[in-house]
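*Asks:* Read off the chains here:
2 protein chains.
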Amino acid sequence: MTQQSSSPPRGVYAAVLTPVGADLAPSAKAFIAHCRWLLANGCDGLAPLGTTGEANSLSLAQRLGLIEAMVGAGLPMERCIIGTGSCALADAVTLTQAVLAAGGTGALLLPPFYYKNPSEDGLFAFFAEVIERIGDPRLRLYLYHFPQMSAVPVTPALIQRLKAAYGDTIAGVKDSSGDWNYTANLLKQIPGFGAYSGSEQFLLDNLRAGGAGCISASTNITAPLAHAVFRAWQQPGADALQEELTQARLILQAFPFQGGLKELVARLTGDRQWLTPLPPNRALAPAEREQLFARLKEVRGLEPLLKAA
Amino acid sequence: MTQQSSSPPRGVYAAVLTPVGADLAPSAKAFIAHCRWLLANGCDGLAPLGTTGEANSLSLAQRLGLIEAMVGAGLPMERCIIGTGSCALADAVTLTQAVLAAGGTGALLLPPFYYKNPSEDGLFAFFAEVIERIGDPRLRLYLYHFPQMSAVPVTPALIQRLKAAYGDTIAGVKDSSGDWNYTANLLKQIPGFGAYSGSEQFLLDNLRAGGAGCISASTNITAPLAHAVFRAWQQPGADALQEELTQARLILQAFPFQGGLKELVARLTGDRQWLTPLPPNRALAPAEREQLFARLKEVRGLEPLLKAA
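So the protein sequences, as listed, match chains A and B. For the working numbering, add 230 to where a residue sits in the first sequence, where the first one is 1. For the working numbering, add 230 to where a residue sits in the second sequence, where the first one is 1.
No wet-lab data here; the hints were simulated from the structure. Warning: the hint list may mix true and false statements.
[Unchecked claim] Below, computed lysine to any residue pairings styled on SDA-like, alpha-carbon distance capped at 25 angstroms: (1) B:Lys346 to A:Pro386; (2) B:Lys346 to A:Gly408; (3) A:Lys346 to B:Phe487; (4) A:Lys393 to B:Lys393; (5) A:Lys346 to B:Thr385; (6) B:Lys346 to A:Asn411; (7) B:Lys393 to A:Ala513; (8) B:Lys346 to A:Lys393; (9) A:Lys346 to A:Leu392; (10) A:Lys346 to B:Pro516; (11) B:Lys259 to A:Gly408; (12) B:Lys346 to B:Pro386; (13) B:Lys346 to A:Leu290; (14) B:Lys346 to A:Pro486; (15) B:Lys346 to A:Ala299; (16) B:Lys527 to B:Gln464.
Quantities reported herein were computed from a predicted structural model and do not represent experimental measurements.
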């Protein structure tokens, strides 16, 4: 991973899962252990407290607690893009300030997602207010485009307006739309923009188009395979590696996504705490679990991982 | 308004707007003044901190602060149904506990709305967890069905499951779907259920079907007209009164809803603070404002209100 002051960090980021205890509060210890595993197994950086991290199910105090735990554990905050979005303006500001105070600069910001069909002016005003309250030129904001989940798209027109007003602070986007054209068009409009694919299915396409990499939920498991693609993206074998990575991703997303990933991390770590679901997300049913494990055996590159577990 | 221990409070509730200062934090003083105006002008009860109250744009501390301000002002908490929904389980619990600590019993709870297409099991688990953590038989939960905004419907099947498990605690529903059949069917399934129409357009239909009344955004303005319908609902003139109320509602919802209502309260109170929008909601443009005021002159029953302003 190369990081220059004016260009976004490149590579494979995991949208880190959040384990919870029986009291449904985050378990910082298991979370930190998993962060370390990810960094040791192919992740160039971490993107905790996003959708997969169930941040919107956590209170402000719980989210701040996990950021503090990361600092306490000596994790490389400069290689993190931390989810700080909230419909509540004051909370989005508090969380983003916490990222900077923790030595990070990257924040992944959802639009205020409760309100549907907001005006572009209204969304601009929200993001502008966050940026101006932070008032720190080190801040690098990544806008979170996930219309299927947030129901509020981050349009290229809005990004252009924000970029015109706030320059380098508007550092990139996480495109979880599943529509490769969104990223492709954006990179044509803003060359060098820090565009991360929300699915590693588009990792190679994105790197070839000048994008930054991926921030994906399923790289909680597929990090070693995604890393192989990233390392080899300019080499002849890249397409075959991407094909295998895509195969893994497509299997994972054919099952209840959150529950499936937690199931796999539980198996990987031997820590059954990972199996506790945080409502409304749910755990896999026994039959789903068996099916998922059976299907993943088709992916050759995951063999060492599943065998070690 | 008659209230029995086992039946929901009936009547006209306003989904109270939240004024904010230049710092975009709630202005408790203007909020309380408006609460008092509503109770003096036709509201049987108040429903603050819902969608119209922009509660999801406020931090937990800001929401708790408004509940405290209501208690401090001596408002009748037993006549309030307070929005306590949050995607964050811990926050939904804290807010609902605060309602009970404040002497209220009614809480209006959204489903955890960030996650789309959640399973019924997952939603049941969320609501069950809130109820069991509260563990107080006085609690009266009203489930908030607003699929256009939350994107997560509260299905009759889910309500039946919750009611079977938690009896009187599951006291009713706020139906903001705009689909009268939702309420009509629910009242057939659960006679005496505390069903409130999210639009006063359905107030008379709802009362005749055995429903409880309305909890509406636009009753921030139309409370006197809605009160007239509620008072007369079993009398011959009820339909004509409902017709006028519906006319007012339809005009109001033809404009940016939030901005229009705040514009009108600003005019009513002479307090320009009401004009400050909380992003992503926006204020009316001057032309919209003129149009709105012109259209409302068509509603005879609003004349005294607009003249007094």
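*Asks:* Against the earlier hints, flag every one the structure doesn't satisfy and list their numbers going up.
*Replies:* Checked against the structure, the hints that fail are numbers 4, 8, 11, 15 and 16, while the rest are satisfied.
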